[in-house]
Amino acid sequence: NAGVTQTPKFRVLKTGQSMTLLCAQDMNHEYMYWYRQDPGMGLRLIHYSVGEGTTAKGEVPDGYNVSRLKKQNFLLGLESAAPSQTSVYFCASSYSWGAEAFFGQGTRLTVV
Amino acid sequence: RKEVEQDPGPFNVPEGATVAFNCTYSNSASQSFFWYRQDCRKEPKLLMSVYSSGNEDGRFTAQLNRASQYISLLIRDSKLSDSATYLCVVNGAGNTPLVFGKGTRLSVIA
Numbered sequence: 003n004a005g006v007t008q009t010p011k012f013r014v015l016k017t018g019q020s021m022t023l024l025c026a027q028d029m030n031h032e033y034m035y036w037y038r039q040d041p042g043m044g045l046r047l048i049h050y051s052v053g054e055g056t057t058a059k060g061e062v063p064d065g066y067n068v069s070r071l072k073k074q075n076f077l078l079g080l081e082s083a084a085p086s087q088t089s090v091y092f093c094a095s096s097y098s099w100g101a102e103a104f105f106g107q108g109t110r111l112t113v114v
Numbered sequence: 012r013k014e015v016e017q018d019p020g021p022f023n024v025p026e027g028a029t030v031a032f033n034c035t036y037s038n039s040a041s042q043s044f045f046w047y048r049q050d051c052r053k054e055p056k057l058l059m060s061v062y063s064s065g066n067e068d069g070r071f072t073a074q075l076n077r078a079s080q081y082i083s084l085l086i087r088d089s090k091l092s093d094s095a096t097y098l099c100v101v102n103g104a105g106n107t108p109l110v111f112g113k114g115t116r117l118s119v120i121a
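So the sequence lines, in the order shown, correspond to chains A and B.
In terms of the numbering used here, the first sequence is residues 3 to 114.
In terms of the numbering used here, the second sequence is residues 12 to 121.
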């Protein structure tokens with residue numbers, strides 16, 4: 003029972019490089035989310051999706067893009083990485099708006 | 012006022028102690044309330060949902076006070092394994108995703 007799986011788990015990027023984080027869920031959830039977590043800041047919502055083909059901005063969307071081409075996958079892209087994007091990124095999914103969110107194991111990203 | 016506020020702690024308590032955390036939220040229309048637990052360098056995991064009438068799960072009791080807009084978590088007979096950060100979670104205004112508090116750190120000491 004995989005739940006929510008994130009790839010990769012760790013990554014080091016140079017400033018200006020691009021990358022894509024992949025999130026996959028096998029629970030048939032409609033809603034998917036990308037959060038970042040920084041010390042003292044808690045979890046902050048980057049982007050979210052309410053279903054296949056939809057995306058919306060969260061609290062801190064600048065510098066990120068997302069796509070939800072398939073219901074089970076939610077991709078987070080960094081077009082030109084900056085040191086300020088060094089963080090731990092969590093993907094989550096839920097059955098509905100007010101329901102429990104299930105999280106992936108996280109991706110530790112360092113931008114140097 | 013921030014949407015969800017928690018005392019960051021840390022709370023350092025001896026094994027066997029009872030400890031309580033409070034959390035306040037700003038959106039009076041919120042309908043969903045949770046406590047999550049997050050271990051160091053791990054993902055958040057649901058500890059328990061919080062219901063209007065209050066609910067208990069073993070050593071853990073959650074209460075909701077809608078009039079004052081706060082949620083509480085009580086842990087009885089603390090174990091070393093309870094050491095973690097506890098996140099208060101509320102659904103946001105309108106149809107918006109869950110909003111997480113910054114968490115309260117608990118350390119249970121032998």
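Just so you know, the hints here were simulated from the structure itself, not pulled from any lab data.
Please note that a few of the clues may not be correct.
Derived CB-CB ranges, DEER-like [stated by the list, open to error]:
id : chain 1 : residue 1 : chain 2 : residue 2 : range
1  : B       : LYS13     : A       : LYS11     : 29 to 35 Å
2  : A       : ASN67     : B       : LYS53     : 24 to 30 Å
3  : A       : ASN67     : B       : GLY20     : 33 to 39 Å
4  : B       : ARG70     : A       : PRO41     : 28 to 34 Å
Note that CB positions come from ideal geometry on N, CA and C, so glycine has one too.
Structure-based check of all given hints:
1. B/LYS13 - A/LYS11: 29 to 35 Å: holds, 31 Å
2. A/ASN67 - B/LYS53: 24 to 30 Å: Distance hint for A/ASN67, B/LYS53 holds at roughly 27 Å.
3. A/ASN67 - B/GLY20: 33 to 39 Å: Given about 36 Å between the Cβ atoms, the range holds.
4. B/ARG70 - A/PRO41: 28 to 34 Å: Holds - the Cβ-Cβ distance for B/ARG70 and A/PRO41, about 29 Å, lies within 28 to 34 Å.
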